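Q: Protein sequences appear in the order of chains A and B. Here the numbering used here is used: the first residue of the first sequence is 1, the next is one more, and so on. Here the numbering used here is used: the first residue of the second sequence is 479, the next is one more, and so on.
If you're looking for bench data, these hints aren't it; they were derived computationally from the structure. Source: prediction; values computed, not measured. For glycine and all other residues, C-beta sits at the position ideal for the given N, C-alpha and C. One thing to keep in mind: the hints can contain errors.
[Said to hold, decoys possible] Coverage of chain A stretches by chain B, computed from C-beta distances (three or more under 8 Å per stretch; other residues unrestricted):
hint : segment
1    : 218-228
2    : 326-337
[What the hints assert, rightly or not] Which bits of chain B does chain A cover? Going by a derived footprint, with three or more residues having C-beta under 8 Å, they are:
hint : segment
3    : 589-595
4    : 691-705
5    : 717-725
6    : 823-830
7    : 910-916
2 protein chains.
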Amino acid sequence: MLTAPLPADTTTGPATTRVEAVMRDIRQRIENRSLCAGKRLPSIRSQAESLGVSRSTVVEAYGRLTAEGLIESRPGSGFYVGHQLTPFSLAETQPGLPPDSDPVWVTRQSLLADEASLKPGCGWLPAAWMPEQDIRRALRTLSRRPLAPLTGYGTPQGLPELRQLLSHRLGERGIPAAPAQIMLTESGTQAVDLLCRFLLQPGDTVLVDDPCYFSFQAMLRAHRADVVSVPYTPHGPDLPALQNCLLRHRPRLYITNAALHNPTGASLRPDIAHKVLLLAAQYDLTIIEDDVFADFEHRPAPRLAALDGLQRVIYVGSFSKTLSASVRVGHIATRPDWIRQLVDLKLATAFESGHFSAELLHTLLGSGSYLRHMNGLRARLADAMGIALERLQALGIHPWHRPDSGMFLWCTLPHGLDAATLAHHALERHRMVLAPGNAFSLSQSAAGFMRVNAAQSLDPAIYVALEQSMEACARRQA
Amino acid sequence: MLTAPLPADTTTGPATTRVEAVMRDIRQRIENRSLCAGKRLPSIRSQAESLGVSRSTVVEAYGRLTAEGLIESRPGSGFYVGHQLTPFSLAETQPGLPPDSDPVWVTRQSLLADEASLKPGCGWLPAAWMPEQDIRRALRTLSRRPLAPLTGYGTPQGLPELRQLLSHRLGERGIPAAPAQIMLTESGTQAVDLLCRFLLQPGDTVLVDDPCYFSFQAMLRAHRADVVSVPYTPHGPDLPALQNCLLRHRPRLYITNAALHNPTGASLRPDIAHKVLLLAAQYDLTIIEDDVFADFEHRPAPRLAALDGLQRVIYVGSFSKTLSASVRVGHIATRPDWIRQLVDLKLATAFESGHFSAELLHTLLGSGSYLRHMNGLRARLADAMGIALERLQALGIHPWHRPDSGMFLWCTLPHGLDAATLAHHALERHRMVLAPGNAFSLSQSAAGFMRVNAAQSLDPAIYVALEQSMEACARRQA
Numbered sequence: 001m002l003t004a005p006l007p008a009d010t011t012t013g014p015a016t017t018r019v020e021a022v023m024r025d026i027r028q029r030i031e032n033r034s035l036c037a038g039k040r041l042p043s044i045r046s047q048a049e050s051l052g053v054s055r056s057t058v059v060e061a062y063g064r065l066t067a068e069g070l071i072e073s074r075p076g077s078g079f080y081v082g083h084q085l086t087p088f089s090l091a092e093t094q095p096g097l098p099p100d101s102d103p104v105w106v107t108r109q110s111l112l113a114d115e116a117s118l119k120p121g122c123g124w125l126p127a128a129w130m131p132e133q134d135i136r137r138a139l140r141t142l143s144r145r146p147l148a149p150l151t152g153y154g155t156p157q158g159l160p161e162l163r164q165l166l167s168h169r170l171g172e173r174g175i176p177a178a179p180a181q182i183m184l185t186e187s188g189t190q191a192v193d194l195l196c197r198f199l200l201q202p203g204d205t206v207l208v209d210d211p212c213y214f215s216f217q218a219m220l221r222a223h224r225a226d227v228v229s230v231p232y233t234p235h236g237p238d239l240p241a242l243q244n245c246l247l248r249h250r251p252r253l254y255i256t257n258a259a260l261h262n263p264t265g266a267s268l269r270p271d272i273a274h275k276v277l278l279l280a281a282q283y284d285l286t287i288i289e290d291d292v293f294a295d296f297e298h299r300p301a302p303r304l305a306a307l308d309g310l311q312r313v314i315y316v317g318s319f320s321k322t323l324s325a326s327v328r329v330g331h332i333a334t335r336p337d338w339i340r341q342l343v344d345l346k347l348a349t350a351f352e353s354g355h356f357s358a359e360l361l362h363t364l365l366g367s368g369s370y371l372r373h374m375n376g377l378r379a380r381l382a383d384a385m386g387i388a389l390e391r392l393q394a395l396g397i398h399p400w401h402r403p404d405s406g407m408f409l410w411c412t413l414p415h416g417l418d419a420a421t422l423a424h425h426a427l428e429r430h431r432m433v434l435a436p437g438n439a440f441s442l443s444q445s446a447a448g449f450m451r452v453n454a455a456q457s458l459d460p461a462i463y464v465a466l467e468q469s470m471e472a473c474a475r476r477q478a
Numbered sequence: 479m480l481t482a483p484l485p486a487d488t489t490t491g492p493a494t495t496r497v498e499a500v501m502r503d504i505r506q507r508i509e510n511r512s513l514c515a516g517k518r519l520p521s522i523r524s525q526a527e528s529l530g531v532s533r534s535t536v537v538e539a540y541g542r543l544t545a546e547g548l549i550e551s552r553p554g555s556g557f558y559v560g561h562q563l564t565p566f567s568l569a570e571t572q573p574g575l576p577p578d579s580d581p582v583w584v585t586r587q588s589l590l591a592d593e594a595s596l597k598p599g600c601g602w603l604p605a606a607w608m609p610e611q612d613i614r615r616a617l618r619t620l621s622r623r624p625l626a627p628l629t630g631y632g633t634p635q636g637l638p639e640l641r642q643l644l645s646h647r648l649g650e651r652g653i654p655a656a657p658a659q660i661m662l663t664e665s666g667t668q669a670v671d672l673l674c675r676f677l678l679q680p681g682d683t684v685l686v687d688d689p690c691y692f693s694f695q696a697m698l699r700a701h702r703a704d705v706v707s708v709p710y711t712p713h714g715p716d717l718p719a720l721q722n723c724l725l726r727h728r729p730r731l732y733i734t735n736a737a738l739h740n741p742t743g744a745s746l747r748p749d750i751a752h753k754v755l756l757l758a759a760q761y762d763l764t765i766i767e768d769d770v771f772a773d774f775e776h777r778p779a780p781r782l783a784a785l786d787g788l789q790r791v792i793y794v795g796s797f798s799k800t801l802s803a804s805v806r807v808g809h810i811a812t813r814p815d816w817i818r819q820l821v822d823l824k825l826a827t828a829f830e831s832g833h834f835s836a837e838l839l840h841t842l843l844g845s846g847s848y849l850r851h852m853n854g855l856r857a858r859l860a861d862a863m864g865i866a867l868e869r870l871q872a873l874g875i876h877p878w879h880r881p882d883s884g885m886f887l888w889c890t891l892p893h894g895l896d897a898a899t900l901a902h903h904a905l906e907r908h909r910m911v912l913a914p915g916n917a918f919s920l921s922q923s924a925a926g927f928m929r930v931n932a933a934q935s936l937d938p939a940i941y942v943a944l945e946q947s948m949e950a951c952a953r954r955q956a
């Protein structure tokens, strides 16, 4: 990431604040690993030019960083990043700054807010929407079961009975995954993370949608990947932009949600799905299809994994959004020859994925109550979506697209309002968590958008707070 | 990893098998990332010399790999690793080969074996030794609790009440960790893995003990670290070797178990602990102290984290070995200023660590039954240790060190028997899982050792099978 030029020097000597700004810039680039140990720093001349400061400012900054041991001077050759341990930092800037530079801002705020808080920006359902009685019953069932699931490790690939059941469910969606092609993980997030480890080398280029789930961007930063993005339309990625991006950047991997895309709620149209796969074949692109919202669909959209037959598409699912966020189990379905290596990698980095959670999930899915629960949930979500749409539109907040189902509405704000400013105001004044558009946008082109979770937006107090914050921000912007 | 030279060419043209051997060598080095995308391959001359084959063999192998797209030829410059996606492989060789080249062999075999199998090589207690009734009771308690822990996400840093309780426990061991300095993770393994992500860059040098827990080696390979090791004595790392290693390799990080060291059962002596910390300060070394066996101790050994006050030592714990391997919660205690970044990294790569598991653990630890359980467990382990020692010695298998407590015995085999050969024989003929020494040894200097878990070695059938396998292997070796 390049830092914007600093305002031009107005003094003749190196002003302390300018020197510190240059030092801060270098420090951040070392922390977020855009400058690695042993790497040569830009020359004093080019650094001065790119930051718009005098050379003496850079000389002073490099000198102080050398004294701190963060960088080393090699006479005749330049300055190099030292070998001192510098822990990795996800955030490129300081905590508390706008979410566009802090990739886990929305997640952190949503997790910190309690159940009573207003959080239309939150990415999951209210706890009360989950199948409480079913979970209590499953716990009592497990408390009477034989010992092993309560105290022992599971098998490396994960509970065979659960994989059998998942295989059947995937088959119903047209995804041909034998139980041997399925591996259980601790969560959907851990599944995508493990796949990134498996598939990526530092410096690899990875493609995401714009907008996309912000955690993909944060995770890819932790994998030291170069991330590129293509605009997402209401029917899938923009194909000309996709082709252009594949040609230009040659990404190895594309991470996407094909159905009920996060944050837009859009779903892939069959013809676009087909063309995405043709392009993937042409440019030898591997795809991770993260399908954690699958069970919210009224009518199933096409799945890349089904069309492709799990050749170059790897499928990821979980039940965190529909059953319990607390009992964590995810799954990966992929080519049989990759499962063994993925299992090894899971054993080495996580040991085992919760045996107890897998048993609990198997009990819940096997009982038939899950189908009833999901039917009820879909109807309840459809109602919530109608109510949220009406109330948002009354405030001049309009949907970019009307999703068929799911919980997310991707909305445009009125009057060129900046969503990040609004989110900060709402959090400070009303303890209300919003999800500003640029948290989802690699290109930072969604400043006027926000994601609204209909299920978390039923409290009329939300719209009162929203209106007040919008007015305050509009006044401030004017 | 360098491959040993192949036997010298005896034919004039490039023999097919030799060409394939060179191709296999390159392929493995690309898979295990010792050759990265875009990196230049050794020249044809130097490759031919190092593998002891003719240049025409290498020319043929490079040509075929180029045709496969795995490498690229750049005229006038040489051959380069291509940009084709090559998934990461932990094992340097094919599955099924000796454990010294397969870092998760022991884990995989132990997890695949059922409770009825003989598995003295296993790294955990039998399920029946775990506090069954306490867990059943805790599950029933939780099934009657308010909703949130059953269905919702927890807080980013992890259940405050559990962190409070852990803080108190750590305080009793002299480790000054406020609840704000503690973060919950999915497991002890995930805690170490997350810390590696936080602290390491690819290519960093990391120090481990020799022998050490094999998962550290596997995990560090997944982090693309260069691993070096120092011999472990019955009282801690060999200090002159440690100093020499620090001077020569300048590792950034040292991962160790200070008390009840895995696999040796050794514990750090106070004077050695003090000197390790002096050396760490001198060479600016960060230390991860993995203390998952802590509660097995009769008399507590010194903790590096206590002496150091959590400055350069990061403490990791879990209850997988004492309460339940199935309900997974680990914890990290570290400097307050690192917690925020670690929380962000956890959110980005694992989202949240199981809220339900944390509640269950809190219920179990808070009830007082854990103390009773551990008192019983320690006495039972001491008995098992006495029995195992006697029976092993009757077979000529002797302890390298008599541990004060815990479950592990690090043993020498008689007659120069090779433990990997023995482990394979025992698995094939008796479905018995052994843990051969070199699985734990980076320097591969423990071929005559094996780790025995006393708690898993009470069945007399183990010693019958062991004797038969030892005799068969001795005959084969003779």
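Q: All hints are to be evaluated individually against the structure, with a verdict given for each.
A: Each hint tested on the structure:
no.	hint	verdict
1	218-228	holds (count 5)
2	326-337	holds (count 3)
3	589-595	holds (count 3)
4	691-705	holds (count 6)
5	717-725	violated (count 0)
6	823-830	holds (count 7)
7	910-916	violated (count 0)
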